[in-house]
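Between the sequences and the hints, there should be enough to build the whole structure, so can you do that?
First to last, the sequence lines map onto chains G and C.
Numbering of the first sequence is given in the numbering used here, commencing with residue 1 and proceeding in unit increments.
Numbering of the second sequence is given in the numbering used here, commencing with residue 259 and proceeding in unit increments.
Check the hints yourself; a few may be wrong.
To be verified - Quick look at which bits of chain C chain G covers, simulated, 3 or more residues with Cβ under 8 Å:
1) 350-363
2) 560-568
3) 697-710
Unchecked claim - Straight-line alpha carbon distances no greater than 25 Å define the calculated PhoX-like cross-link-like pairs of lysine-lysine that follow:
4) G:K250 x G:K30
5) C:K663 x G:K246
6) C:K632 x G:K98
Derived by calculation from the structure, the hints in this document are not laboratory data.
Note that CB positions come from ideal geometry on N, CA and C, so glycine has one too.
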Amino acid sequence: MSRLICCVGALAFALLATSANAQSMSEGAKAYKPFVVEHAGKALAGAKKLQAAVKAKDVKAAQDAWIESRRGWEAMETVTAELFPEFDEAVDTWPDAKQGYHAIEAALFAGKIDEVAKPTDRLVADIARFEKKVKGYRFTPQKLLDGTSKLAFEVGESKSKGGESPYAKTSHIDMQENVEGIEAAWKLVFAPTLEKRDAELAKTIHDKIEALEELVKVNDIKDLDQKKVHVGGEELAALMQQAAPKLKLKTTKLEDED
Amino acid sequence: MNGIACKAFGIALAAIAAATFAVVPMQARPITHDEGVLPAGTELNDDQLDRPTELFYSEQNGGKRSYESVLGDMLFATPGIFGGMARKADLSCATCHQQGHNNPKLFIPGLSGRPGTFSTANGMFSPHSGGNSAPVTPPSLRGAVHLAPYAHDGRFATLRDFIHNAVVNEFGGSEPSKQVVDAIEAYIKDISFLPNDKLGADGKLTGKNSEDARRGEAIFRRPFRNDASMSCASCHHPDDFFVDHKVHDVGSGGSFKTPTLINSKSAGPYFHDGRFDSFRQVVDYFDRHYDLGLTGQERTDLVAYLDAVGDADEPITRNTVQAELDEIALFASVLDTAIPQQNGEIIGLTVETVGHEWRELGESFPPAKDPTVKGGLNERRRARNAVFDVVLTLRRIAMASEAGKFDEAARIYAGYRHDAAVAGQVLKAAEAYSLFNPAVREEHFRALDRLVDLADGSSTKR
Chain G
1 MSRLICCVGA LAFALLATSA NAQSMSEGAK AYKPFVVEHA GKALAGAKKL QAAVKAKDVK
61 AAQDAWIESR RGWEAMETVT AELFPEFDEA VDTWPDAKQG YHAIEAALFA GKIDEVAKPT
121 DRLVADIARF EKKVKGYRFT PQKLLDGTSK LAFEVGESKS KGGESPYAKT SHIDMQENVE
181 GIEAAWKLVF APTLEKRDAE LAKTIHDKIE ALEELVKVND IKDLDQKKVH VGGEELAALM
241 QQAAPKLKLK TTKLEDED
Chain C
259 MNGIACKAFG IALAAIAAAT FAVVPMQARP ITHDEGVLPA GTELNDDQLD RPTELFYSEQ
319 NGGKRSYESV LGDMLFATPG IFGGMARKAD LSCATCHQQG HNNPKLFIPG LSGRPGTFST
379 ANGMFSPHSG GNSAPVTPPS LRGAVHLAPY AHDGRFATLR DFIHNAVVNE FGGSEPSKQV
439 VDAIEAYIKD ISFLPNDKLG ADGKLTGKNS EDARRGEAIF RRPFRNDASM SCASCHHPDD
499 FFVDHKVHDV GSGGSFKTPT LINSKSAGPY FHDGRFDSFR QVVDYFDRHY DLGLTGQERT
559 DLVAYLDAVG DADEPITRNT VQAELDEIAL FASVLDTAIP QQNGEIIGLT VETVGHEWRE
619 LGESFPPAKD PTVKGGLNER RRARNAVFDV VLTLRRIAMA SEAGKFDEAA RIYAGYRHDA
679 AVAGQVLKAA EAYSLFNPAV REEHFRALDR LVDLADGSST KR
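What follows is the structure in structure tokens.
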């Protein structure tokens, strides 16, 4: 918990500093890249710890490392599905008992550590390749808006039957990291420009993000006020889409997807 | 592959898909982990491709459903009128009464005695219930307009009382408005029995029946050997929907109302507590309980008769993207009236329900990271984006309504109707790559089973 507070505090400071300096969305997109690179590094570091724990047959350490690695990955979900689908398919594939986080999760949290060596090796290799790729990647505001609003929409999905990581029971952490990623992308890339063009809408979006962040601060997904998260996620995504033309960006439309 | 070969391959694939459509068994899929609101082992039976057919009295003879019936249908499908845990678990009236019928596989550990039963007063959904009542079967609501009184013990004289009790006492909802109760009542009264060409309007078998069933009909009306004042038909009046509107003690642990036999073939398990799975078991029970002295052949004949009376011409309807779109369009049409009426409550509930239906439909188009679907990546992506688009448009309607900007809500709704029509085309174009295709579905669920097996080995084998 204290680590979370520390992380959030550091992020808030970074966002404040960068937000004040950002002159354009393109610069914001550049400023967002270190966030992605940092979390790719966290995902990789966690995966390597997982690999070591698996070799040592230390189930508890392996589970902790899985959670650590997954935190990093989920914070980048603003970009993984939208911009790096080949890595998303390998790392976050579902339903797949052979590779990715969830294949490892299903076995590892059932205590079957002997069954996760191969997918863990693959996870390390995939995230390492992803980290390398992301370091050389140039993000654009349009794709970041698409990814951010879609992630806000996903956060609002029904969790009545459980979330993304039901076997580790860490779906609430996935959601917290998702919202952190949304917050970082919005504040670094879009907020400064929107504040100049429509301060009221900018404030509304800011408040919605803050509210969503509060809503997902639970210790168990069962404690989630699902209705509020659902509405909050959808409203946030809708407002981001509403902001698109003011940011001189396109709303995510069907015809863009060919 | 050249164009002709490609076309031939496509035709072959279509043929395989069509063949598969007919033979793939669709099984229930219980919740296999305990991260959800409901406990592991819960089976809501809500992801079936084959669904009970639902027909309406108002549409017979070319009629049109009333606004109230449609509104009630939408409310029947929304968790929004329930409270607490039931709402959180996404339960609605339709969870137990699927397509206005029953739910023979419904099972919630701790609340169900056996599949198809449920404790309607329980500590999970109604904290003031003072413990769990004995599990009972949620009855089919087909023809309910003719079947008063209501509830197994017949304690509710009217459907209104029955509805109010379910919403407030059983599922923890707040006091429903008169409009909500009126609408759900109108919907339930509109749900008709399904046509059955084996049964005439007078409750007598038609010519389309076996000799066994005909002999069974005679036995059904024949006085009991130990009490000539009684027969099966003395409670199940064939000329009154096979009911007598009374409760009786038939030795099953209390007095319970006479259930209709119409369309009952798919309405099991039988008796208030679902203790019997088949007509054979029911007949055997009554033979013993009333010492009817039936021969083996007579029992077989009686079962054949019940099969005939309980049948339906088309009991099951295959679900499709179009069927889902039709339902969504129907529910969304509530906004045609609710927005001009500036009815914030109904607008909010409609947006919730229709948005939920869209999202559920969208989940039938597996994303790129689902490795079980090989083709149609662009089609699936477009389908999911289409859902994203329409759900957000709906949300904007709700936001405008909540802000009291009903003109803006109307304007956005006009755009929604256009977007929904476009989205419908996009979704239909992707149907072959969706979970509506049994082959795709089978692969997807097999992969899920492998994952479940990896976790704890408790998957439902398909």
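Please verify the coverage claim for the region 560-568 of chain C: does it have three or more residues whose C-beta sits within 8 Å of some C-beta in chain G?
violated (count 0)
Starting from K632 (chain C), check that the Cα of K98 (chain G) is at most 25 Å away, please.
The hint holds at about 16 Å.
Proposed proximity, K30 (chain G) with K250 (chain G) (alpha carbon, max 25 Å)
This hinted pair holds, its Cα atoms lying about 20 Å apart.
Apply the coverage criterion to the region 697-710 of chain C and chain G: a residue qualifies when its Cβ sits closer than 8 Å to a Cβ of the chain, and three qualifying residues are needed.
As far as the region 697-710 of chain C goes, the hint holds, because 6 residues have Cβ atoms under 8 Å from chain G.
Can you confirm whether the C-alpha distance between K663 (chain C) and K246 (chain G) stays at or below 25 Å?
Satisfied, since the Cα-Cα distance of roughly 21 Å is no more than 25 Å.
Check whether three or more residues of the region 350-363 of chain C sit with their beta carbon closer than 8 Å to a beta carbon of chain G.
Per the Cβ count (0), the hint is violated.
Checked against the numbered hints given earlier, the structure breaks hints 1 and 2 and satisfies all the rest.
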